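Visitor: Here's the letter readout for the chains.
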Amino acid sequence: MPAILQYDFMIRALIGGALVGILAPALGMFIVLRRFSLIAETLSHVALMGVAIGMATRTMPSLTALGAASVGAIIVEQLRSRGRLPGDVAMAVVLYTALAVAVVVISFAEGFNVDLFSFLFGSILSVSPLDLWLLAGLAAVVVVFVGVFFVDLAQIAFDDDLARVNGVPVGALNLALAVLTGAVITLSMRVVGVLLVGAMLVVPVLVGLRVAKGLRATFAASIAAGAISAIAGLVASFYLDLAAGGAIVLTAILLLVLANIWVQLRKAAAAAVHKV
Amino acid sequence: MLLLSGVAANGGVNGSVLEWERVTFHYGVGLAVDDVSLRVEAGEFAAVLGPNGSGKSTLIKLALGILRPTGGSVRLFGQEVGGFNDWGRVGYVPQVVSAVWSGFPATVTETVAHGAYRGTAPLAIFRRSERPDVLEALEAVSMTHVKSKRLSELSLGQQQRVLLARALVRNPELLVLDEPAAGIDVSGEEQLYTVLRDLNRDRGLTIVLVSHDIGAMLREASTVCCMNCSLVKHGPPHELTSDELAALYGLPVDALIHDALHEHR
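Taken in order, these protein sequences are the chains called A and B.
Going by this note's numbering, the first residue of the first sequence is number 1, and it counts up by one from there.
Going by this note's numbering, the first residue of the second sequence is number 1001, and it counts up by one from there.
Extracted from the complex, chain B is given alone in its bound form:
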């Protein structure tokens, strides 16, 4: 089934796609995540907000099994993340990839094609990179015109869209993004959110997105999770008040939340 077909968003046995249960994580002696319990349901667009060092990215890395919790448990599609093997159901877009700095030689097509593999890909060196599913994923993020370029030759916004295509080529049920709009200009950001909005609304893709962009998240997300080591607020965006945001960030935040902006929902 290719990317542009519908996403069968099947949750785990308890109905949730992703669940943190009383999760704690320490970096050495520093507490990064403190007793967080949170569920993301199928079809949800969950935004994780919070100041720098509030544990947002750590929470994501715990969800993906990149870090192991010091306490509590994380479940993906109802399975403990430590024993989860069905990684084809999950797409991940990191904030930045190490390859960008090393002049990585892979073309955009190769980069996206690698996302299609689930587990090891024996003898994939002999497979063509330019395949219908790869081109379709690039088309979905409007990046077909740079398919032969190296990733390091692209702008930051273009790189993020290629990484999004790399995640989408797997036809995932859950898409996890860590500050995908960081360093992108307004038009690039709007293009990115348009793609995500369509995927969530039209294809039923479950999205978990870490961001500093409060305005965009209040506009785009169906649920916001405010982190400050612990989970300080969880609910629909319209329930989040300016006072709560000010307390979270430690300074006045004037967030315009207007129903008209949620028309697409």
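Chain A on its own, in the form it takes in the complex:
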């Protein structure tokens, strides 16, 4: 048995990483296509605020972060959809408010800096059995949500006015997508870390967009890229003693670079055939 599989914490990290690698781009595709990627950054900082509050009040940080991210997602969606603020401004307001609250709470409470670091940068040691159960439960919800509403979410990303005229409940699905995104971000923090969790919603989708054509093929390629990045990154993290989040995201970036090279090579080959 490889050394990496001889440790319970590593098996938990690999299962958690694979779930994160699949879940994040599964929702991220609809966010990237709507040019709404900043929401991942916003909700990860809201989740950080939840973590800080959880630690300061000695409540379970995963649950307080989950609650905070859900409320943050609803606020951003309400501000944006009601036209009170442009989408990017609404997200900026929520992001900086949450970050400021987190900084203030952290400055009041002392003694949890080590734990906080594991949330900021991710730690393969910190994935608990509870985190795994929560991730598995969330995975079931996301699979059902995306499986049932895939075409509706794609229609909204295509053009929300057209989706409305097609009878798609745009507001309700946008809200559900935002809340689930908040939950995925929160539960991914243990593996990837607050600072880099947003990348897992975006970078694998960019890989999918480069290599695949068609919605379903792009979706499949994106979650494959996410899962490969998470597992390869965790393995690298274990053997090379790297921070888990950084190793996972750098692997995803490497896949993106390789995808771009592959696309350029295909173009060059097609041009050569055309010349002949």
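Treat the hints loosely; a few may be bogus.
A short, non-exhaustive set of chain A residues, derived as facing chain B with CB atoms under 8 Å [as the list claims (entries may be wrong)]:
(1) Pro86
(2) Phe150
(3) Asp161
(4) Arg164
(5) Leu209
(6) Gly214
(7) Arg216
(8) Asp241
Hints listed in this document are in silico derivations from the structure and should not be mistaken for laboratory results.
A quick note: this is a predicted structure, and the numbers were derived from the prediction, not measured.
A virtual CB, placed ideally from N, CA and C, is assigned to each residue, including glycine.
Go by the hints and put chain B onto chain A.
Guide: Leaving out everything else, chain B in the frame of chain A:
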């Protein structure tokens, strides 16, 4: 019933397909639509003309329930648009879709297939996109040859025809188009209008079209509605004078309106 079968153009209880009644709309403090009352009857080809900022597109968005009027009411097939659920009867072609700019991965076939759904489409991820109705809609706009391409790989004119196919695959009774010929060259424009003309004349499809192309609208439409926040003129194209057009646009407009151009009507 597929696209190329006849369209049963049933109006609402009062016979009109679409009706704005004393409709007013404000964007913040700016008045965009001022007390507009207008009816579109079944089988009509109504062109909405007017300068930039005259409220044309707003009028369309109010008709489709995308915007809610500040005052007055809008009825689709005799029902208040706020409570209207029968969206399969309506096809919409916007001027531009946000997806075009984001390199949206959907193929042309997928894009058109999505138009066939009415309301939510549970588990449609597992349905084939290349179906007879989808191919028939693409055939109607002569776009079958690009069915496997991404929308963002097509020219603007081709994109508009794909969006038209997406609206037609629903077999709608009312087709609403917002400046569909904007940015399209002359030949693309002619192809588009030929399709619309056939759909209106041969299939009885009711069309409402917003346009800046005065010449084409005077040639193609059965009714013109001139907007400048309020409705300043409504009637058949031949009743519209050059002086009225000049007043609408604020500069001399020499519109050639000749009966020979209306031969197809």
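Visitor: Each of the hints needs a verdict: does it hold here or not?
Guide: Checked hints:
1. Pro86: Violated: closest Cβ of chain B sits about 14 Å from Pro86/A, beyond 8 Å.
2. Phe150: Phe150/A check passes; min Cβ-Cβ to chain B is 4 Å, inside 8 Å.
3. Asp161: Hint holds; Asp161/A Cβ to chain B Cβ min 5 Å, cut 8 Å.
4. Arg164: holds, 6 Å
5. Leu209: holds, 6 Å
6. Gly214: Where the cut-off is 8 Å and the nearest Cβ of chain B is about 5 Å from Gly214/A, the hint holds.
7. Arg216: holds, 7 Å
8. Asp241: violated, 38 Å
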